[in-house]
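Asker: Now for the letters of each chain:
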Amino acid sequence: MSAIELRGLTKVYPGGVKALDSLDLTIPDGEFFALLGPSGCGKTTLLRTIAGLETATGGAVVIGGRDVTGVQPGGRDIAMVFQDYALFPHMDVTDNIAYPLRIKKVARSTREQKAAEVGARLGLDKLMDRRPGQLSGGQQQRVALARVMATQAQAFLFDEPLSNLDARLRLEARTFLKKLQHELGVTTVFVTHDQAEALAMADRMAVMESGHIRQIGTPAEVFQRPANTFVAGFIGSTPMNLLDGVVRGDTVEVADCKLAVPQSAEGLLRDGEKIVYGVRPEYNGYSAEPVDGSLVGKVSIVENLGASYLVTLDVNGVPVQAVVPEGHEPALGDEGYALPRRDRALIYRDGELVSA
Amino acid sequence: MTRFVLHRIGFYVLVAVLLAFFAVPLLWLASAPFTSDPTYQVRMPDFTADNFRALFDNPYALGSLWNSVLLAAGTAVLVVAFATLAAYALSRVRLPGRDALLYTLLLLSSIITGTAAMVPLFQLAVELQLIDSQLGLILILTGGLLPAAIFMMKDFMDSTPKSYEESARVFGATPLQIVRHVVVPLVRPGLATIGVWAVANVWGNFLMPYLLLSDVEKQPGAVIMYTLYTEGGQANLQLLATFGLLYSVPVVLMYLFVSKKYGFRFHGGIKR
Ligand SMILES: Nc1ncnc2c1ncn2[C@@H]1O[C@H](COP(=O)(O)OP(=O)(O)OP(=O)(O)O)[C@@H](O)[C@H]1O
Ligand SMILES: [Mg+2]
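So the protein sequences, as listed, match chains L and G. Using the numbering used here, the letters of the first sequence map in sequence onto residues 1 to 356. Using the numbering used here, the letters of the second sequence map in sequence onto residues 1 to 272.
In isolation and in its complexed conformation, chain G is listed as follows:
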C-alpha cells in the first residue's frame, strides 16, 4: 500500500517537472509582453502596453506578420490544390513504377527546401528572376512541400471507396467534376490536415525567405524576429516577447478555426 502511494507520488512529481518544462516558456510568452522590463524570468506582469507601442513603432514588425500570412496562405492553397489533383491521379491510375516515383520525390523534397540545395536554388531563383519576389518564394516553398503532401493525400484518397466515383462517372461527370463533387468532400479532413501542416511549415521557415528575399519590407515574421536587437547587440526582450506573442496568435487561431470547421479532432481510443 505505501509502496503504491510512493509510486503515485513519484509519478506525479515526474509529470509535474515535465509539465513545468513545457509550461514555463509558455507562461513567459504570456506574461513578458505585459511586463515593463522583461528579463528571462517569469514574473507577475504589471500590464503595461509600452512594449506593444514600441513594437508598433518598429517599421517592419506588423508588415512582416502580414507577409507571413501571405506566404503561408499562398503556399497552403497551392500545396492543397496540387497535392489533391496529383494524389487523386496517382491513387486512381495504374502507373508503372508509381511507388518508386513517390519515394524518390519524397527523398528529393527534403533536399530541395533543405540546406543542401541552398546555392543552386539561389542561382536558379536569380536566373528565373524569382529572387526577392514573394510569388517566387511561394512557388519554391510549394515545390518543397508538395511531395510529402502528395504522399499524405494519396493515403486519404486510397481509403475512399471507388464506387462513389464510378457512380458519378456513369452519370457522366468529368474527372474534374468528380474531384469537386465527390472526392474533395470525402477527403475534407485530409485537405484540412495538409493545409494546416503547410501553413505551420511556412510560418516557421526562416532559411528560405532569408535567402531569397532581400527587401526587408517583404520579409516574414520569422526573419524579422531575427533583427530585434538593441543597439548594444543584445536581444531586445521587450520587442522579442511581444513579437513572439503576436507571431503565435495567428497559428493558434488557425488551429481553433480548422478544428471547429472541419472537425479534425484527436480521435483517441478514449470513450467520453
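Extracted from the complex, chain L is given alone in its bound form:
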C-alpha cells in the first residue's frame, strides 16, 4: 500500500544545475532501498524531492498510489531522518520523540506513553529526560529513529543516517537498523555514499551518477554483474580490474595474454572488436605456478586486507589485482599467475555490460 513510485522525476536548481534528470524508479511496499553514488550525484536531492522539501521541476512522485507531487511535506505521510538528526535541542528525548504526535494533536499523556514505549524498544528508557546535547552520537541516532517510528508514517527516508557515527558504532547501527526495518516492514529509502553499507543493508539498491540511475538491483546483482563500467568501478571494497582487450576468435587478448571468453559473453562477441575485460580481484585466482589462460606478471605490490592479501601484478605494464588468502601471499618481484573465474568475469562494450 505504500510503494514509492517516481515517474520522469526532474529537478533543476535555480542557477541551472540539473540534479535529477528524468528519473524513473519504483520501490515496492516494505522494501529497504539504498541510494548509492559519489558525492554530488543527486542522492540528497532525490530524497528531499520525495519528501517534498524540494519541488520537482518535472515528473511525478507517487506514494502509496497517491500522486503527491504538489503536496506539502506534512501531507505526504512520510518521515525523514536528517544527516545531522535535527533533534530539537531545547526539548528532552521524550518531547523529541513525541513531537510528531504533538503536531497531530494527540493528548499529552497518550503521546508520552507512546514515546516511552518506542524509546524503550530502542533502549533509550534511561535517557528519556536528557536533552540531545547530553547524548552520544549513537544515542542521538536512536532518538532520531524513535521519533520517526512514532509517526507511523507510510515510508521512511534516511539521509546518510550512519555517517556521523564512528566506524565501530556504524557496524553496530547497520545491523540494528536492518533488523528494525525488517521488523517494522515500512518502505524505507536510505542514502549513502558508502558502497559497503548499501550492499550490507539494502534489499535493493540504485547506483546514481550525476542525476541518472546507472543500475538498479539487489546487492548481489549489482556486485556480481555491474551493468556498466561506472558501477563496476564504484562497487566493491577493492575496485574491479577493468582491462582493455581485443576479441581474438574464442579468446580475449588482454595485455598480451590470452584469456577465455567469460560465460556471460559467450557467443556475443565479434572477432577483432575492442572491449573491456572486467574481473573482481576476489574472483581472480592467484597461483605461483604457471596456469593456462591466465594473466602473467611480476608481483609489484602486496597489501594486507586482514584475512587476505591484495596482490598487484604488473602484466606487461598493466596493473592487475588479485586477492590471495593469508599464508599464500607471494613476495615482491615473484612471478605470478592470475586466472579470472570464467563464471564471474565480465565483458563491457562501450562501457555497457555484454550479456544475453
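These aren't lab readings, by the way, just hints derived from the structure by calculation. Incorrect hints may appear among the rest.
Taking lysine to aspartate or glutamate pairs in the EDC-like style, the calculated list, with each CA pair at most 20 Å apart, reads [claimed, not checked]:
| # | chain 1 | residue 1 | chain 2 | residue 2 |
| --- | --- | --- | --- | --- |
| 1 | L | K274 | L | D350 |
| 2 | L | K126 | L | D95 |
| 3 | L | K274 | L | E253 |
| 4 | G | K162 | L | E54 |
| 5 | L | K105 | L | D92 |
| 6 | L | K114 | L | E183 |
| 7 | L | K298 | L | E253 |
| 8 | G | K162 | L | D84 |
| 9 | L | K179 | L | E160 |
| 10 | L | K18 | L | E31 |
| 11 | L | K104 | G | E166 |
| 12 | G | K162 | L | E160 |
With chain L held as given, fit chain G with the ligands onto it using these hints.
Answerer: Below, chain G with the ligands without anything else, positioned relative to chain L:
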C-alpha cells in the same frame, strides 16, 4: 623596573579618573534622594524620606512611571512579535531585492522616529485620530523600532540551522507551529535582547510622547521629569533626584530579570 612601576601608577590614576567620571553621577543619584536639601554636590545623605513624600504629593509623578511601563511593555511586545515573524520570513524566503529592502527600511526608520519627520508624523497622527492616545504612540514607536529589530532578528534567524525546521515540516507542522515550537525557543536570547533594547529605547524617548500626547495624565516619566521645576523656575533637585532614582529602578530590574531568565550574558573571551 621603576619605569614599569611608574607606568602602572600612571595607568591606574587614569583609570581612577575615568571611573570617577562615571561613578560620581551614580553616587549622586544614590545619595541625593535621601538628602534633606540636595545640591549638585555628592554628600553623605541624612536618610530623610521627605523627598519621597514630596514626590508622591506630585499628582503626576507615580502615574507617569506607570505610563512609561505601559508604553515600553506595549511597544516591546509588538516589536518582538512582528520582528520575529518578519525576520523569519525574510530569512527563509528568497525575495528578489530582499537586502535592498532591509537597508532602505533601516535608513527610513531612523528618520521616522527622528526629528526630521516630526511635522508629517504629527499631522498623520491627527488625521488618524491617534493623537493623545497611548495606543497610537505605541504603534508609532513600534513602527520606528521595527526595521532595526528585524535586521537584528534576521541575524539570529540566519544562524539557526534549517534542518530543525525541515524536520518539523516533514512531521506536518504549519509555519506558525514551526515558529512557535522550534524557531522561537532557538532564538530566545535574540528575543530577549530585542525586547530589552526596545524597552530601553521607549523608556528614554522624550520627543515622541512630548509631541503626540497632550494630556499630562498620559505622559511617561521622561516627559514628566521635564516639568519638575520650582516656582522660581529653577530645577527642583529634591524632586528630580528622587524621581531619577525611581525612574531608573525598573530598567535595572528588567536587566537583572532578563539576564537571569534568558541568560543573555556577556560572553567575553575570558576563562573563569
Ligand atoms: N540548493 C541548491 N542550489 C543549487 N544547486 C544545488 C543545491 N543543492 C544541491 N545542488 C547541486 O545539485 C547536485 C546534487 O547535490 P546533492 O546534494 O543531491 O548531492 P549528493 O549526492 O547528496 O552528494 P553528497 O554525497 O555530497 O551529499 C550537486 O551538483 C549540487 O551542487
Ligand atoms: Mg547528500
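Asker: Hints first: check each against the structure and report whether it holds.
Answerer: Do the hints match the structure? See the list:
Restraint check: the Cα-Cα separation between K274(L) and D350(L) comes to about 9 Å, which is no more than 20 Å; the hinted pair holds. At roughly 15 Å between alpha-carbon atoms, K126(L) and D95(L) fall within 20 Å of each other, so this suggested pair holds. Taking the CA atoms of K274(L) and E253(L), the gap is near 10 Å; set against the 20 Å cutoff, the hint holds. With a C-alpha separation of about 13 Å, the suggested pair K162(G) and E54(L) falls inside the 20 Å cut-off, and the hint holds.
For the hint pairing K105(L) with D92(L), the CA-to-CA distance comes to about 19 Å; that is within 20 Å, so the pair holds. Restraint check: the Cα-Cα separation between K114(L) and E183(L) comes to about 18 Å, which is no more than 20 Å; the hinted pair holds. At most 20 Å may separate the alpha-carbon atoms for a hinted pair to count; K298(L) and E253(L) meet this at roughly 18 Å. Between the alpha carbons of K162(G) and D84(L) the distance comes to roughly 11 Å, so the proposed pair stays at or under 20 Å and holds.
The suggested pairing of K179(L) with E160(L) holds, with an alpha-carbon distance near 17 Å, which does not exceed 20 Å. Distance hint between K18(L) and E31(L) is unfulfilled; the C-alpha atoms sit about 28 Å from each other, more than 20 Å. Distance hint between K104(L) and E166(G) is fulfilled; the C-alpha atoms sit about 17 Å from each other, no more than 20 Å. Among the hinted pairs, K162(G) with E160(L) is consistent with the structure: their alpha-carbon atoms are about 17 Å apart, no more than 20 Å.
The structure does not agree with numbered hint 10 stated previously, though it agrees with all others.
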